[in-house]
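Heads up: the sequence shown runs through residues 19 to 115, numbered per this note's numbering.
Hints in this document: simulated from the structure, not taken from any laboratory.
There could be a bad hint or two in this list.
[Claimed, not checked] Result set (DSSO-like, lysine-lysine): computed pairs, CA atoms no more than 30 Å apart in a straight line:
1. K88 x K69
2. K68 x K109
3. K88 x K109
4. K68 x K93
5. K88 x K40
6. K68 x K88
7. K106 x K68
8. K40 x K68
9. K69 x K40
10. K40 x K109
11. K109 x K93
12. K109 x K69
13. K93 x K69
14. K106 x K93
15. K40 x K106
[What the hints assert, rightly or not] The calculated label-pair distances, taken between Cβ atoms and stated as ranges, are:
16. G48 x W102: 37 to 45 Å
17. G48 x P100: 30 to 38 Å
18. V44 x R90: 34 to 42 Å
19. G67 x Q97: 16 to 24 Å
20. G101 x G48: 20 to 28 Å
21. G48 x Q97: 27 to 35 Å
22. K69 x P100: 31 to 39 Å
23. N45 x P87: 31 to 39 Å
24. K68 x P100: 34 to 42 Å
25. N45 x W102: 31 to 39 Å
26. S57 x Y85: 13 to 21 Å
In this text, all values refer to a predicted model and were calculated from it rather than measured experimentally.
No residue lacks a Cβ here, since even glycine has one placed at the ideal position from N, Cα and C.
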Amino acid sequence: MKKFFITLLLTIIIASGAGIVKAYQVNVDGGTWNYGVSSQYVWSNYYHGKKTHYTSVRGRYWATSGYTPKGRWSKVSAQKRPGWQIWKVNKAYYGFY
């Protein structure tokens, strides 16, 4: 549960903007997390060499990579929410099984 709250804390809330790409790559929890939002999509990719893991995004809909074995990238993307839905922001997550 602690990992879940840490994940939520690290989740990026990105304001919509046409043509703007906000991308981040950070080393966290022993792995590499690449996440962001473009003019059309929100994405989350995570790599961990020793733990099974997953990535999820909340854009226009929820999407998840599902179970990803250690040593492989988990990748997921979804259409981002329209700019006028500012109360429903685009979010990226990662976690462990």
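### Task
List in ascending order the numbers of the hints, as given earlier, that are violated by the structure.
7, 18, 19, 20, 23 and 26
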